[in-house]
Amino acid sequence: MSYEQLLQYVFSGITNGSIYAITGIGFNIIYNTTGIINFAQGEFLMLGGMTSITFSRYFPLPIAVALAVIVTAIVGALIDFLVIRNLKKQSILFMIIVTIGLSILLQEAALHIWDEKVRSLPFFTGDEISSINIFGAYISPQVLWVVLICSIIVAVLTVFFKYTATGRSMRACSSNVIAARLCGINSKNMITLSFTLSAAIGALAGAVVSPITQTQYDCGTSLAIKGFAVAILGGLGNSIGAVAGGIVIGLLESLSISILPLAYKDAVSISILLLILFVKPSGLFGKKEISALKDF
Amino acid sequence: MAYLEIKKLYRSFGGLQAVFDVSFDVEKGTINAIIGPNGAGKTTLINLISGALKPDSGEVIFNGLHIENLPPYSIAQKGISRTFQNIKLFSNMTVLENIMMGRHVRTNSGFITGLLNLPWSWKEEDSTLEKSRMILEQFKLSEFADRPADSLPFGKQRILEFARAMSMDPELLILDEPAAGLNMNETEELAKVITNVRNSGITILIIEHDMTLIMDISEKIVVLNYGEKIAMGTPEEIQKNSDVIKIYLGDDNAIG
Amino acid sequence: MNKKKYYPLFGLMAFIILFQLFSSFSGKEFLLIQLTMCAYYSMVIIALCTLMGYAGQISLGHAAFFAIGGYTTAVLTTLNLIPDKDNFFISLFNSLGFLSLRVNPYGIEILHFSPWIALVVAVVITYVISFIIGIPILKLKGHYLAMATLGFGTIIYRVLLGGKIFGEADGISDIPEFNIFNLLKINGDNADRIENYYAAWFIVVISMLLLINLIHSRVGRALRSLHGNEHAANSIGVNPARYKLFVFTLSAVMAAVGGVFMTHFSGSIGPGEAGVLKSVRYVAIVAVGGMANIWGALIMGIILNYLSLRGYLGSYDEAIFGVILVLIMLFTPDGIFKAGNFGSIKNFIFSKIFKKA
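Residue numbers (the working numbering), protein chains in the order written: chain P, 2 to 297; chain D, 45 to 300; chain H, -2 to 354.
Note that these hints are calculated values from the structure, not bench results. Errors might be hidden in some of the hints.
As the list claims (entries may be wrong) - Cut-off 25 Å, straight-line C-alpha distance, at most; resulting in silico cross-link-like pairs (PhoX-like, lysine-lysine):
#1 K138(H) with K281(P)
#2 K0(H) with K167(D)
#3 K89(P) with K0(H)
#4 K90(P) with K184(D)
#5 K266(P) with K281(P)
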């Protein structure tokens, strides 16, 4: 493999990796406040992509994306408001099943609202043939958009969770719901907020990546598995870990294409997930003792 | 050689030394208590004995066998049964079925026998059922036999867990705070039951905060503080021990 | 011995016979075709119910085992060995009676493994795969187990979809019939549909019998105790790893057997059988039936699969399973057969309306 080819693979790995990282962070946000792994996380990306494609027919691109984020965020809030907070049995098994049900519902709703066609958002700048030469590799400007927006999301979330009262309240819920409640934090609203927030960032990621990977009603599932792989690799609940995990998985996946047929791309990243789960479920950056304390 | 020997047991969590150089012996057919303030490492110690945790170093010898590195189920098969501080019942099963689970180690029917319902398992099932009903009777739980285990009132759940541990026909019974949450009458009842169990030849290791109960029934007491054994002896000796008094009454009392 | 546990089996057999009589007399024998398919899918459902409902181990990849069974037999009974027929092993297999010769619709002679051998190989392969994957996977709990099984299912799906030998997206067709001692033929011929129907349900009844035995045995109790509280089960002498592995491999093999016969019945198989949506559908059916309720799972499996196969659910087929999952979890997490659950739906609706008002 030539140096330029390698670089090409690296850029494509980083692009996919950023998207996986955002999906992983979406998992983390909800997991941190509720202890739930939201199996419908991938559908937020799909919805974000789909709605922004539709809105882009009527509005300029930035407004279309903004509207898509808002719509998906509302869907996220509704999921909690209508379903999650009304669950009778909050055991992990039931939580898994209900979010899987939601994921199918969102997929099927998308299938009926749109159809099974593959769509994509126009490129933010330039078009599919425009490219930028970086160190000899030719990459689409959209790749820079993906990396830029994912970095902004991570930065904003970090500030939000560290320095705002609401963000700190959400973190308090994650460490101890009852204690948080005693301190006057409305844990129910925090859960709604976590679903809203993770739907919103999912939608944004789904829109920005749409020109490159394209969007289809059922593209959420494999994104969700990879996002989960990333979240686990980085240590569940650890967002900086998720970024690192995303880059690792994105790179491995894109390098695998040079060895294995493209059809096995997903199988590669999922095998990595299984391997991590079997060998070190606390993740590369998680502490074993801490993950043992969590109720798995 | 003693019946149960704990030798130089160590266990830490991260930087916290939960059990530090603890050694003691337990004689067959006696009631032995482990006491100490909260966080003294009592539960960690019995988790080490019952196999729920592995020690960093040290030995646990039961009936001449090293058990410190065995998993919980094989320690149970050796005749050690236990209860938990936060009751752990099979919530998806009835009271009777919980007791029947206690017979698991004393029965043999395997996978193929189960699938084919082979005739030789019938007798075993019958005797499991019979023995379990007897134990329900003994612990005055018969009227609840077919109720889901988690529908019982708290006190009864403790008794059920005790009964389940007894249905294993254990040689050594480990009780983790069996009186927690019980009222005075229930505690007195418990004291009688424990003494009866001992009289039937079963050795008992008990953790308890209720000092009256401990002083009444136990033959030997081990006192832990910050993971270390600070005293050991009969109830009379422990009551007179100045280190123990200091922990329980000392500094806090002076301030408060 | 308590015989009560077997009573529902007689009910099932009565239903099977009555339905056949009804369909024959009313001239609607074609209805049997979907019910035969239901029977084979039921194998996955009752197997999953034992694993998930009783032993408490979720599997979001059970369709993969069905597909492994189906694809094994599909590959072995369609792979033409004529070019290699002088190969030592092939001629050895041939003289042992492991192979059979047929002429396909295009008049080409095909020498292939006999379905019996394919069945045995399918069972062995499934057992080995589920055993190897089961050892690490069953150490996981909760979300981790769910994701790992989902991941496993997806890998199998991708491999089937991408593998040349598996026919890629088209799958494998032109699969020969499974002839059982010349008595029963598992195939898709309209002429044999009553025979096929009874053969399929015979397999289900036998499997139900085995599972009912298991559930009511010492081993079954131990499996349920793992669901109730794994720590307590461990401390009471149940080896969690051993019991979980047993129930996992058993339920995988049972699903694969369903897949083998289904493939001979329908004459073809496609990668969709291994898809995530299929796995989720099985989980949904077990959940509606009431998790630890093997009869509930079987009944709901028959009803829902039948409606779906007859096309009554239309383009909302998958969506309905999603709706079912959400509604069941919201209103009656212990399944639809739990007494008094209709009252709680009413209460929920009322509380929503009046709280706002």
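Quiz prompt | Numbers of the earlier hints that this structure fails to satisfy, in rising order | solution = Hints 3, 4 contradicted; others consistent.
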